[in-house]
Amino acid sequence: DVKVTQSSRYLVKRTGEKVFLECVQDMDHENMFWYRQDPGLGLRLIYFSYDVKMKEKGDIPEGYSVSREKKERFSLILESASTNQTSMYLCASSRGLAEINIQYFGAGTRLSVL
Amino acid sequence: QQQVKQSPQSLIVQKGGISIINCAYENTAFDYFPWYQQFPGKGPALLIAIRPDVSEKKEGRFTISFNKSAKQFSLHIMDSQPGDSATYFCAASSDFGNEKLTFGTGTRLTIIP
Numbered sequence: 001d002v003k004v005t006q007s008s009r010y011l012v013k014r015t016g017e018k019v020f021l022e023c024v025q026d027m028d029h030e031n032m033f034w035y036r037q038d039p040g041l042g043l044r045l046i047y048f049s050y051d052v053k054m055k056e057k058g059d060i061p062e063g064y065s066v067s068r069e070k071k072e073r074f075s076l077i078l079e080s081a082s083t084n085q086t087s088m089y090l091c092a093s094s095r096g097l098a099e100i101n102i103q104y105f106g107a108g109t110r111l112s113v114l
Numbered sequence: 001q002q003q004v005k006q007s008p009q010s011l012i013v014q015k016g017g018i019s020i021i022n023c024a025y026e027n028t029a030f031d032y033f034p035w036y037q038q039f040p041g042k043g044p045a046l047l048i049a050i051r052p053d054v055s056e057k058k059e060g061r062f063t064i065s066f067n068k069s070a071k072q073f074s075l076h077i078m079d080s081q082p083g084d085s086a087t088y089f090c091a092a093s094s095d096f097g098n099e100k101l102t103f104g105t106g107t108r109l110t111i112i113p
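Protein sequence lines, in the order shown, are assigned to chains G and S.
In terms of the numbering used here, the first sequence has 106 at position 106, counting the first letter as 1, and numbering is strictly consecutive.
In terms of the numbering used here, the second sequence has 54 at position 54, counting the first letter as 1, and numbering is strictly consecutive.
Note that these hints are calculated values from the structure, not bench results.
Fair warning: this is a prediction, and the values are worked out from it, not measured in the lab.
Do not rely on the hints blindly, as some may be mistaken.
Each computed SDA-like pair below joins lysine to any residue, with the alpha-carbon atoms no more than 25 Å apart [as the list claims (entries may be wrong)]: (1) S:Lys-42 / G:Lys-53; (2) S:Lys-71 / G:Tyr-10; (3) S:Lys-100 / G:Glu-62; (4) S:Lys-71 / G:Leu-41.
Full structure from sequences and hints, please.
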């Protein structure tokens, strides 16, 4: 089974803090994704990466950056957290180009910014 | 931004009944339509998916119906069980157009005994 592990289930941070959300997958997948999930808005893509050190913006990249130094690990960074970034963050991975949209999700990190 | 519109937002169905969730899309280039199931405290998991070369796909009690001309697709859950209570997301993408998954807004399904 594919396992996508997000390092924290819950995080509470203060406005202006730098926040790191970590995600690790154990299936040697090329592609990794970060989404945020908000009630009534579904899942929205923040960033994705199709290879180590490669990244592309999704639909809502403003206020976020990402890092992928190793194939199995994809980090989401909030440079200066704001209250409107309070949300559920989901990491996903998928294999190769042919299966890029067959995605496996982690359990999520619920971030509260106070 | 391409949209996928999902309805209803919430649904209550009696045990043994049929649950139906609908989605409509705009981008005619979309060619992959998955449904994801999410239980509380868990991430979404792929449930069933369809491509537009067929009008229906069935896996156990779950069926996707696809209407290409209307640009609509729906999930039917037959003989709904309390264990089916979850949030369901439809999504769409275009492999050849390099479009990533665009998700619907989700439907919270509750099956009552």
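Given pair status - Glu-62 of chain G, Lys-100 of chain S, alpha carbons within 25 Å: Satisfied, since the Cα-Cα distance of roughly 18 Å is no more than 25 Å.
Restraint check for Lys-71 of chain S with Leu-41 of chain G, where alpha carbons must lie at most 25 Å apart: Distance of about 21 Å is within 25 Å: holds.
Hint consistency between Lys-42 of chain S and Lys-53 of chain G [alpha-carbon to alpha-carbon, up to 25 Å]: Violated, because 28 Å separates the two Cα atoms, which is more than 25 Å.
Hinted pair Lys-71 of chain S and Tyr-10 of chain G, Cα distance within 25 Å: The given pair, whose Cα atoms are some 38 Å apart, is violated under the 25 Å limit.
In summary, the structure is inconsistent with hints 1, 2 from the numbered list given earlier, while agreeing with the others.
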